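Student: Chains as they are written, first to last, in the numbering used here: chain V, 1 to 562; chain U, 1 to 144.
None of these hints come from the bench; they were simulated from the model. Bear in mind the structure is a predicted one, so any value in this text is a computation, not a measurement. Among the hints, a few may not be true.
Far from chain U, some chain V residues (derived; all Cβ distances over 10 Å) [claimed, not checked]: (1) 41; (2) 200; (3) 277; (4) 311; (5) 334; (6) 348; (7) 380; (8) 390; (9) 515; (10) 537.
Lysine to aspartate or glutamate pairs mimicking DMTMM-like chemistry, simulated, CA-CA at most 25 Å apart [stated by the list, open to error]: (11) 21/U to 146/V; (12) 21/U to 102/V; (13) 57/U to 376/V; (14) 21/U to 362/V; (15) 21/U to 365/V; (16) 29/U to 366/V.
Just some of the chain V residues that point at chain U, by a computed CB distance under 8 Å [to be verified]: (17) 231; (18) 347; (19) 351; (20) 356; (21) 358; (22) 359; (23) 393; (24) 394.
Every residue gets a Cβ at the ideal spot worked out from N, C-alpha and C, and that includes glycine.
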Amino acid sequence: MIKDKHKKYYQSLTRNMILSAIIVSFTPMLLVICILLHQFRVSYHEKTYAHLSELVQKHKQNIDAFLNEKLANIRFLAINNSFETINNNDFLQEKLFNLRRDYGNLFVDLGVVDENGIQLAYAGPYGLEKADYADAGWFKKARQVDSFISDVFLGLRGYPHFIVAVKQNGSGRGYLIRATIDFMAFNSLVQNLRVGKTGYAFILNREGKFQTNPAMDYQPNHSGYEFFWTAVEKTKNKILITRWKDDAGIENLYAVGSLKSGQWLLIVKQEAADAFSDLKRMLNIAVLIFMIGGVAIIFMAFYTSKRMVKRIRRADKDKENMNQQIIETGKMASIGELAAGIAHEINNPVAIMVEEAGWIGDLLEEEEFGQSNNLEEFNRALVQINTQGKRCKEITHKLLSFARKTDSTLKDVQLNDIVNEIVSLSAQMAKYNKVIIETRLQKTLPYITISPSEMQQVILNLINNALDSMEKTGGTIRISTKISEVEEEHIVVIVEDDGPGIPEANLLRIFDPFFTTKPVGKGTGLGLSICYGIINKMGGKIDVQSVIGEGTRFRIWIPIQK
Amino acid sequence: MTTPYLMLIDDEVPFVETMSKRLDKRGLKVISANSAEEALIKLDKDRHVDVIVLDVKMPGMDGIETLQEIKKRHPLKEVIMLTGHATVETAIEGMKLGAFDYLMKPCDLDILISKANEALKKKQSHESKIDKARIDKLVLTRGY
């Protein structure tokens, strides 16, 4: 029952420790990771948008500049030459040649068209003299403005191109100078614009038709792109950036800027996943770190908590044992006192018995008993009573001298006497245990001033420990005294046995109070710690050496006072 | 040589009785008491007691108290403490308070008698010194 309760207590202790360790560790880690990730995400978005926006802005300007330059070329041609001069195939041929020399194959052909849409003069590879443009879309628009750039279309030649046209008035009638710009050359301006892995650019006209070949084979959703037109008009010449899912369900980033005075849109499109791939990688790393950290924290929480609880458990157990031993010690002390009382009480009747025997002896000396046949027997019996009475006295005296409180009054003593006294006291006990006590005492030891009863206690303790260790096996205890050769002015007492020895782990703790290897109730664990205290008080020291299976040796050094 | 007039104080009646008989047989004059109170009354009545043998451990008034009381009332009387082993300290304390000596129970009768004789000698020498001092004083006051 109690064990169960303890088990539950330790289990809940472990659980609480693990939980609090995990919570305390996880909370800050989570907070930091979340805050940092959020900040990083925001700034990364800003950076990506800014980059896209700048890209579109730059290319918008580039393309506008390109178109305006081509227009300026034609306008220059128109203004500087009269209708008569320009309405000449050879002249146009020469101009076309010059333009092609300056700009590469951008200019495909040149033509002069009258106000009815009839091409009067032409220079170029398609042989379009006298071609009728009256119904062509670009012509209808171009005749209403001074200068005009058309959308890309296939036209009469069946090949994508667009037209740059300038309206002029000369010789009483209006006419148009027009040039065809090669689509491929123009297209390369936009097609080479790539962002990341999936980002590409394209140009749309008002009808939502591609003006360039998109790098990715992709058919735009017309209704979708109309949204851009209204949005761009609202932003007034600024770059619009928006996220939007296309038909395939992929989320894309669009950066949109208007071109050609708002007739075309330059659009850069990039998959959001691609644009934010760094962010995603960062997120993955963060998650990975979090997972590894989390696993480590949980592991450590479990490991340390288990260990701590194990220690607490051991400490509790030790405490419990110690309590029990303190009770035991108290019990021992009271038994000691009781023994002292009993011994004293026994002394009185023994004294009376001895006195009575003495009285009988006195009476027997009178003459009337002198003739008795049994006089000798009476005397023998009386002597026996006396002897046994004295024996009782000795026993009670010994019992008393060890049961009563230690007398710490100092006396000048011969250490060998104390050793001999204790050895004779322990001899009986040793005999029961089949232990022989040998002594080798240096006879010339000087007197030392110590408390004899404390010294007795120390030596008795060491002998008792040795006896206990050899309880089963029997053996020899050797006690020797001599003047120390190692320590100056010290007497050394050596008590050694050939018992089982003390394990190394216990050797360090052997002088600790309440440390005992005997079962609960058998030993108090106080003996050696009391010895240690006594020897220390005397200004001496005590040490122990032990080899498993060979025996144990205690050495005590006691200073010689001058 | 005079023999000492002894008083035995012990609560153990048989011990006192036997001891008295044995001492008596050896020619010593002995009276006894079984408690401190009884002893003090008897001492007041009989002023010739020389040596008192006092058990340290008694019910009621214990040995040390009795010793102090005796020494207060009869400073010249010598006291021998009788003790079990456990009360050696008490006996030593008693000696500090003026007891002549102590013996351990059970004690040898001859030793007791010899101690009593020594105590008597000490008492007599004290008494003779006091007598001499008195005589000197008397002589001085008389003004020879």
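Student: Should the hint that residue 393/V touches chain U count as held when the rule is a Cβ pair under 8 Å?
Tutor: holds, 6 Å
Student: Evaluate the condition: distance from the CB of residue 537/V to the nearest CB of chain U exceeds 10 Å.
Tutor: Correct as stated: the minimum Cβ-Cβ distance to chain U is 20 Å, above 10 Å.
Student: Is the straight-line distance between the alpha-carbon of residue 21/U and that of residue 146/V 25 Å or less?
Tutor: violated, 167 Å
Student: Should the hint that residue 356/V touches chain U count as held when the rule is a Cβ pair under 8 Å?
Tutor: With a minimum Cβ separation of about 5 Å from chain U (threshold 8 Å), the hint on residue 356/V holds.
Student: Examine each Cβ of chain U, and state whether all of them lie more than 10 Å from the Cβ of residue 334/V.
Tutor: The assertion about residue 334/V holds, with a minimum of 15 Å to chain U.
Student: Is it the case that residue 390/V keeps its Cβ farther than 10 Å from each residue Cβ in chain U?
Tutor: violated, 8 Å
Student: Since residue 380/V was said not to touch the interface, does its Cβ keep a gap of more than 10 Å from each Cβ of chain U?
Tutor: holds, 19 Å
Student: Mind verifying the non-interface call on residue 41/V? Its CB should be farther than 10 Å from each CB in chain U.
Tutor: holds, 89 Å
Student: Is the hint on residue 359/V kept, meaning its closest Cβ partner in chain U is under 8 Å away?
Tutor: Nearest chain U Cβ about 5 Å off; hint holds.
Student: Is it true that the CA of residue 57/U sits at most 25 Å from the CA of residue 376/V?
Tutor: Given that 25 Å is the threshold and the Cα spacing comes to 37 Å, the pair is violated.
Student: Can you verify the interface hint for residue 394/V: is its Cβ closer than 8 Å to any Cβ in chain U?
Tutor: Cβ of residue 394/V sits 10 Å from chain U, so the hint is violated.
Student: Minimum Cβ separation between residue 348/V and chain U greater than 10 Å?
Tutor: Violated, because the least Cβ-Cβ distance between residue 348/V and chain U comes to about 5 Å, which does not exceed 10 Å.
Of the numbered hints given earlier, the model fails hints 6, 8, 11, 12, 13, 17 and 24; all others are met.
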